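Enquirer: The lines below spell out each chain.
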Amino acid sequence: DTGVSQDPRHKITKRGQNVTFRCDPISEHNRLYWYRQTLGQGPEFLTYFQNEAQLEKSRLLSDRFSAERPKGSFSTLEIQRTEQGDSAMYLCASSFLDSNEKLFFGSGTQLSVL
Amino acid sequence: DAKTTQPNSMESNEEEPVHLPCNHSTISGTDYIHWYRQLPSQGPEYVIHGLTSNVNNRMASLAIAEDRKSSTLILHRATLRDAAVYYCILTPPSNNNDMRFGAGTRLTVKP
Numbered sequence: 001d002t003g004v005s006q007d008p009r010h011k012i013t014k015r016g017q018n019v020t021f022r023c024d025p026i027s028e029h030n031r032l033y034w035y036r037q038t039l040g041q042g043p044e045f046l047t048y049f050q051n052e053a054q055l056e057k058s059r060l061l062s063d064r065f066s067a068e069r070p071k072g073s074f075s076t077l078e079i080q081r082t083e084q085g086d087s088a089m090y091l092c093a094s095s096f097l098d099s100n101e102k103l104f105f106g107s108g109t110q111l112s113v114l
Numbered sequence: 115d116a117k118t119t120q121p122n123s124m125e126s127n128e129e130e131p132v133h134l135p136c137n138h139s140t141i142s143g144t145d146y147i148h149w150y151r152q153l154p155s156q157g158p159e160y161v162i163h164g165l166t167s168n169v170n171n172r173m174a175s176l177a178i179a180e181d182r183k184s185s186t187l188i189l190h191r192a193t194l195r196d197a198a199v200y201y202c203i204l205t206p207p208s209n210n211n212d213m214r215f216g217a218g219t220r221l222t223v224k225p
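So the sequence lines, in the order shown, correspond to chains S and Z. Our numbering numbers the first residue of the first sequence as 1 and each following residue consecutively. Our numbering numbers the first residue of the second sequence as 115 and each following residue consecutively.
Honestly, I wouldn't trust all of these hints.
Stated by the list, open to error - Here's a subset of chain S near chain Z, in silico, CB distances under 7 Å, partners left out:
1. Gly42
2. Phe45
3. Ala88
4. Leu91
5. Phe105
6. Ser107
7. Gly108
Bear in mind the hints are in silico, worked out from the structure with no lab data behind them. Small disclaimer: the values here were computed from a predicted structure and weren't measured. Just so it is clear, CB atoms sit at the ideal spot from N, CA and C, and this is done for glycine as well.
So here's chain S without its partners, still in its complex pose (with noise of 0.2 Å):
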């Protein structure tokens, strides 16, 4: 078990571009979260994922971003038309449904809009 694994970990874009981030969560787990974390903030919640069902999505998620479980394994996130707002650190976690299990992260994605 390599734990959550994001790719890539840096991506510079222009702004205007499209960009996807990918996450593997650890295998058996089948809850999947995206954050986003500016410097000197906690992270936020964006959505997240039970299997593939997508069950929530916080109003920071705006229409230019989507996320994807397909066959509940891992997760990708697409923001179309980016933005400088957008340059964040892009974080997944993973867990299994149960009482009081605890969430593992990967390392991020760092975004860098010019």
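Using the hints provided, position chain Z relative to the given structure of chain S.
Expert: Frame of chain S; chain Z shown alone:
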């Protein structure tokens, strides 16, 4: 959602105990109290959690006030590797791994 209040920053000397406070005066009777920490350039990692009773594990201890309106994370002997941002989070019983993070406490450990 019940909110938590933590000091922005704290300092400690290496090999001394550290007590990190968290106020959660609006906690409901069934909310769990979780602590995570985030080392530089890494995602958060689980530290400890509890409901009513004090809890101990190999990383830390969690002391929960009798009225549950506050809690304290105790690192028994701080090391340089414990320098991190520590987050205190409440979760509802219906969704115990639905973590909503605040700004946390930045702990600096001095050699």
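Enquirer: With reference to the structure, classify each hint as holding or not holding.
Expert: Hint-by-hint comparison with the structure:
no. : hint   : verdict
1   : Gly42  : holds, 3 Å
2   : Phe45  : holds, 6 Å
3   : Ala88  : violated, 13 Å
4   : Leu91  : holds, 5 Å
5   : Phe105 : holds, 3 Å
6   : Ser107 : holds, 6 Å
7   : Gly108 : holds, 6 Å
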